[in-house]
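Student: Turn these sequences into a full structure, and let the hints guide you.
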Amino acid sequence: MTVSVRLPDGKQLSVGDADTALDVARGISEGLMRAVAVAEVNGKLVDATLPLASFAQGDEPVDLRLVTDRDPEGLAVLRHSAAHIMAQAVMRLHEGVGLAFGPTTATGFYYDFDLKEPISESDFPAIEAEMKKIAGEKLTFERFDLPRDEAVELVGGMNQELKVEHIQTGLAEHPTLGFYRQGEFVDLCRGPHIPTTGKLKAFKLMSVAGAHWKGDQSGRPLQRLYGTAFFDKKALKAYLSQVEEAKKRDHRRIGQKMDLFTINPEVGQGLVMWLPKGATLRYTLEAFLRDELIRRGYEPVYSPHIGSVKLYETSGHFPFYRDSQFPPLYEHLAGPIIDKMVEQLRAGVPADGPFMQEYELLNAAQKLGFDGDYEIGAGADDKRKMLEEWQAKTDRFLLKPMNCPHHAMMYKSRPRSYKQLPIRFAEFGTVYRHEQSGELNGLLRVRGLTQDDAHIFCTPEQVEHEFAETVELVKLVLEAVGLNDYRVELSLREPGSDKYIGSDEDWDAAEATLRSVLKKSGMEYVESPGEAAFYGPKLDFQVRDAIGREWQLGTVQLDYNLPKRFELEYIGSDNKPHRPVMIHRAPFGSMERFVGVLIEHFAGAFPLWLAPEQVRVLPLSEKSNKYAKDVLKALKEAGFRATFDEQDGKLQAKIREAQLDLIPYMFVVGPQEAEKGAVAVRDRIDGDLGAMPLDDAIAKLREENDARTIRQIAEKTDFEGFEAASDVGGEY
RNA sequence: GCCGUCGUAGCUCAGUGGUAGAGCGACGCUCUCGUAAAGCGUAGGUCGUGGGUUCAAAUCCCACCGACGGCUCCA
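For the first sequence, position 281 (counting from the first letter as 1) is numbered 281 according to the UniProt record's numbering, and the numbering increases by one without interruption.
One thing to keep in mind: the hints can contain errors.
To be verified - As a list, the in silico DSS-like pairs of lysine-lysine whose alpha-carbon atoms are at most 27 Å apart:
hint : residue 1 : residue 2
1    : Lys310    : Lys138
2    : Lys201    : Lys214
3    : Lys576    : Lys564
4    : Lys277    : Lys132
5    : Lys636    : Lys626
6    : Lys138    : Lys277
7    : Lys116    : Lys204
8    : Lys623    : Lys576
9    : Lys412    : Lys564
10   : Lys564    : Lys419
11   : Lys257    : Lys234
12   : Lys214    : Lys633
13   : Lys138    : Lys44
14   : Lys310    : Lys564
15   : Lys636    : Lys257
16   : Lys277    : Lys650
17   : Lys700    : Lys629
18   : Lys340    : Lys277
19   : Lys234    : Lys214
20   : Lys247    : Lys234
21   : Lys237    : Lys214
22   : Lys257    : Lys201
23   : Lys633    : Lys277
24   : Lys700    : Lys676
25   : Lys564    : Lys393
26   : Lys214    : Lys116
27   : Lys44     : Lys133
28   : Lys499    : Lys419
29   : Lys385    : Lys340
30   : Lys636    : Lys623
31   : Lys132    : Lys248
Hints listed in this document are in silico derivations from the structure and should not be mistaken for laboratory results. Source: prediction; values computed, not measured.
Tutor: This is the structure in C-alpha cells:
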C-alpha cells in the first residue's frame, strides 16, 4: 500500500504506509530532515513522526507542509516541547512534583508546578543542566491516545491530581485524550511536539513567578517557571540582548534619570508627583489637545475631586466597583464603623442574632456620636435596614473614581434643546482608584490619574457621526506624537454575564453602531467579548511598552445607560422630551499612562515640540557668559524652553552632558558668535550644523516646533522576530 | 490582594559574622577652554523599618514596609 502526498508546491509523491513526514523530508534532503520541527498535514499541525497514512481520507492525496526551524509555528512547537523537557528536569530533581499547565507564550514558554519546596532562581543552573542532559539523551516524543477512563487511571497512577481534575472537568467532552512520552516522563498533551529532545539546543530559564490553578485566585497556588527557547544559540543571544536593551527604555528608569517624575511611599503608593520636566511635557501635551478640542467644538468644564456616594449610586459605580475604590469619606466620625457593621450584616454573619464584634462596634460608634435607631435584639434584615437609613441621611463622599457622573449633572443643570446638541464637555479630570498593590507599575498603573476626559451628549441620529469624529481625533493625537504602532480593540459585553447595566436592546444598538463606524473607517480591529465597560461597549487603543506588555491608552465608549440612570433629556423638534446618548472618550487615556508609554517610545529622546528642555546654550568659557545670556533671553522670548549651562569646564564636557540629557538643540557661543550675533547650532541627531545668525537659528527651530516634526525616534525593540505563532498551543 | 525575588551614599553597584567601600553625581579650589568626560580636594550611609540570635549582625532568624516579575483585577 502507498499513500499519495501533495507538497505545497503542488508536487505529488507516493510514500509507503509507515512513512512519516520526516521520511518525506529525508527523501528531499538530509538537511531538510534535520530542520523539520513538525508537519502540517491537511492544514493541521501534527507530529512529524506519525505515519502519513493515518491522515489519508479516501483517495484524496494528503496535503503535507514541512514546518522547519525557520517557521514561527516551528518555534512555538519547539518551545512547548521545551516546557515538557523542563518539567521532566524538575521532576528528576524534586520529589512529588505536581504538574499543571505548560503552554507557549509569545516569547517563550512556562510550566506551572505544584511543588513541596519552592524553587528559586538559584535552582535554575541545576534545572538547565538537567534539561541539557535530557536534550543530549535525544529522547523521542512519542504520542499515544487513551480513552477517558484509562487516561484518568494513568495520570492518577502518577499522582497527578491536577491532571485528573482537568480531565474530569475541563476536558469532559473529549472521548479520548492524547499523551506524550519522552523517556520516563509522560504528560497529558494535545501536541504536537518536535521529533526528539535533541532538537532543543538553545534555551534559558527566565524567571519564576506565582500563579494559581486555572487562574482562580482562591485556587491552589502554583509556581510558574518561565523560559525561552530558540533553534540556535545566536537567536537566543540576540533575544536576550534585546531584552536587556528594552529594559534600558523602561520609563521608570528614564523618568528618574531625567527628573520627570517621582513616586515615594511616604506620599503614597501609586501616587505620582510630576517634577518640573515631566510636568512640562504633560503641560505641552495638554495644551496641544486643548487647542484641538476647542477647535472641534468642545467646551471646558471643571468638577471637584470628591462626590457624594449618592451620585455614584445613581451612576451605578458604587455597587459595581466598590472594591477598586477608596473607602467613602464621612462627615460623621462613626461612619466607617457603621459601614463595617452593614458589611457584616450583608455578608450574613450570622443571619440573625448578634454578629461578630457587634457590641464593640456599636459601643465605639456611639462614643463617636452615632445616633441612629438600632436594636441589638432585632433580626439581621431589620438591623441592616436601620443602619442603611442612617447611612442614607449621613453625607458620604467618594474620591472621584470617574468624571462622567459630574458631567452628566452639568448637562442636567438646565433644560436642553436639540438645537444645542451635541454638547461636548471636556476636562482633564483627576480620578482615584484603589488598584491592588501588586498591580502598580510606575506611570502605567497608578492610584491617582488624570484622564483627558470628555463626554459628548448627542441625539441618537448624531451618534454615528460623533463617534466617527472622535475615533478620528484619537488617531490624530496618537499620530501627532508618533505612536503609530497601536492595536484597536472593540470591547463588547460578555453574553449572559450580570456584570453590566442596561437593556439588551441598548447594548445591541450600541455594539451595532460601533461596528458600523469601524467598517466605514476601514480600520483594522479585533473584537473582544467581555471587555466592555459596565455601562457600554468601547473602542480601545492598545499600545505596547518597552518590554512588550500591552497597555490601553485611548478609549471611546458608547453609553445609552447613564443618560437613563441620570434621566437626561433634551427637547426635540416635536416639543417632546427625548433621551440623549453619551459618548465617553479619552484620546490619551490618562496623562500618567500616556506619558509613561511616550517615554518608552522615545527612550527619553523627545522630539523638539515635546522636549522639556528644547535648547541649551553653551558658552565656550565664562568670557562668553554675557552673550550666552542674551541668546537665552532671545530664545525664551521666542517661546522656547531653553537653559544656559553656566558651569565651568570644557565645551566638550558640556556637549557630552547635553547629549546625555537628550536636549534636541545646543547653541554654542564663543567670541566669534558674539561678534556676529550668531550661534553655532549643534543638533542632537546630526551634530554640528555650523554657525548661523541667531534669528535664523530661532526661525529654524520654530518651524520644526510648530510642525511638531518627529525627526527620529530611538530604535524600538521589536520582539516580533522572536515571537512564535501564538495559536500553536500544545495544551488542551 | 496572592506567589516569588530584591532593598548598602543622590544614581549604578561591591562587600556572607569581626573598624562600611568604588565609580558617577554634588560641593570647593585651580584651569577660561571650539563640538561626547581638564586636574586636585571635600562632604555624604544608625546598610528599608522594628524585633530576635550572638561576645560581635549590612551579613543569620522573624515580622512589617516598599520596589520588581508574574497571577488575579482593571471604570
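Student: Now look at each hint and say whether the structure bears it out.
Tutor: Verification of the supplied hints:
1. The hinted pair formed by Lys310 and Lys138 fails the criterion: a straight-line CA distance of about 68 Å is larger than 27 Å.
2. In summary, the hint linking Lys201 to Lys214 is not supported, as the alpha carbons are separated by about 31 Å, beyond the 27 Å threshold.
3. Taking the CA atoms of Lys576 and Lys564, the gap is about 16 Å. The hint holds against a cut of 27 Å.
4. At most 27 Å may separate the alpha-carbon atoms for a hinted pair to count; Lys277 and Lys132 exceed this at roughly 50 Å.
5. Taking the CA atoms of Lys636 and Lys626, the gap is about 16 Å. The hint holds against a cut of 27 Å.
6. For the proposed pair Lys138 and Lys277, the alpha carbon gap of about 57 Å is over 27 Å, so the pair is violated.
7. Proximity of Lys116 to Lys204 is assessed by CA-CA distance (about 23 Å); at most 27 Å being required, the pair is judged to hold.
8. Distance restraint check for Lys623 and Lys576: the Cα-Cα separation of roughly 78 Å exceeds the 27 Å cut-off, and the hinted pair is therefore not satisfied.
9. Simply put, Lys412 and Lys564 have alpha-carbon atoms about 12 Å apart, close enough for the 27 Å limit, and the pair holds.
10. Annotation: proposed proximity of Lys564 to Lys419 holds, straight-line Cα distance about 20 Å (limit 27 Å).
11. Taking the CA atoms of Lys257 and Lys234, the gap is near 32 Å; set against the 27 Å cutoff, the hint is violated.
12. Of the pairs offered as hints, the one joining Lys214 and Lys633 is violated, with about 63 Å between alpha carbons and a cut-off of 27 Å exceeded.
13. Of the pairs offered as hints, the one joining Lys138 and Lys44 holds, with about 25 Å between alpha carbons and a cut-off of 27 Å not exceeded.
14. Using a Cα cut-off of 27 Å, the hinted pair Lys310 and Lys564 holds, with the two alpha carbons roughly 16 Å apart.
15. Restraint check: the Cα-Cα separation between Lys636 and Lys257 comes to about 25 Å, which is no more than 27 Å; the hinted pair holds.
16. Taken as a hint, the Lys277 and Lys650 pair is honoured in the structure, with Cα atoms around 26 Å apart against an allowance of 27 Å.
17. Our distance criterion of 27 Å between C-alpha atoms is met by Lys700 and Lys629, whose separation comes to about 20 Å.
18. Taking the CA atoms of Lys340 and Lys277, the gap is near 43 Å; set against the 27 Å cutoff, the hint is violated.
19. Only pairs whose Cα atoms come within 27 Å are accepted, and Lys234 paired with Lys214 is rejected, the gap being roughly 35 Å.
20. Restraint check: the Cα-Cα separation between Lys247 and Lys234 comes to about 20 Å, which is no more than 27 Å; the hinted pair holds.
21. Between Lys237 and Lys214 the alpha-carbon distance is near 33 Å, which puts this suggested pair outside the 27 Å criterion.
22. Between the alpha carbons of Lys257 and Lys201 the distance comes to roughly 39 Å, so the proposed pair goes past 27 Å and is violated.
23. Taking the CA atoms of Lys633 and Lys277, the gap is about 20 Å. The hint holds against a cut of 27 Å.
24. Taking the CA atoms of Lys700 and Lys676, the gap is about 18 Å. The hint holds against a cut of 27 Å.
25. Between Lys564 and Lys393, the direct Cα distance comes to roughly 25 Å. Compliance with the 27 Å bound is thereby established for this hinted pair.
26. Distance restraint check for Lys214 and Lys116: the Cα-Cα separation of roughly 19 Å lies within the 27 Å cut-off, and the hinted pair is therefore satisfied.
27. Between the alpha carbons of Lys44 and Lys133 the distance comes to roughly 31 Å, so the proposed pair goes past 27 Å and is violated.
28. Distance check on the hinted pair: Lys499 and Lys419 sit about 36 Å apart at the alpha-carbon level, beyond 27 Å; violated.
29. Our distance criterion of 27 Å between C-alpha atoms is met by Lys385 and Lys340, whose separation comes to about 14 Å.
30. As the CA atoms of Lys636 and Lys623 are separated by approximately 22 Å, the hinted pair is consistent with the 27 Å bound.
31. Of the pairs offered as hints, the one joining Lys132 and Lys248 is violated, with about 31 Å between alpha carbons and a cut-off of 27 Å exceeded.
In this structure, the hints that do not hold are numbers 1, 2, 4, 6, 8, 11, 12, 18, 19, 21, 22, 27, 28 and 31, in rising order.
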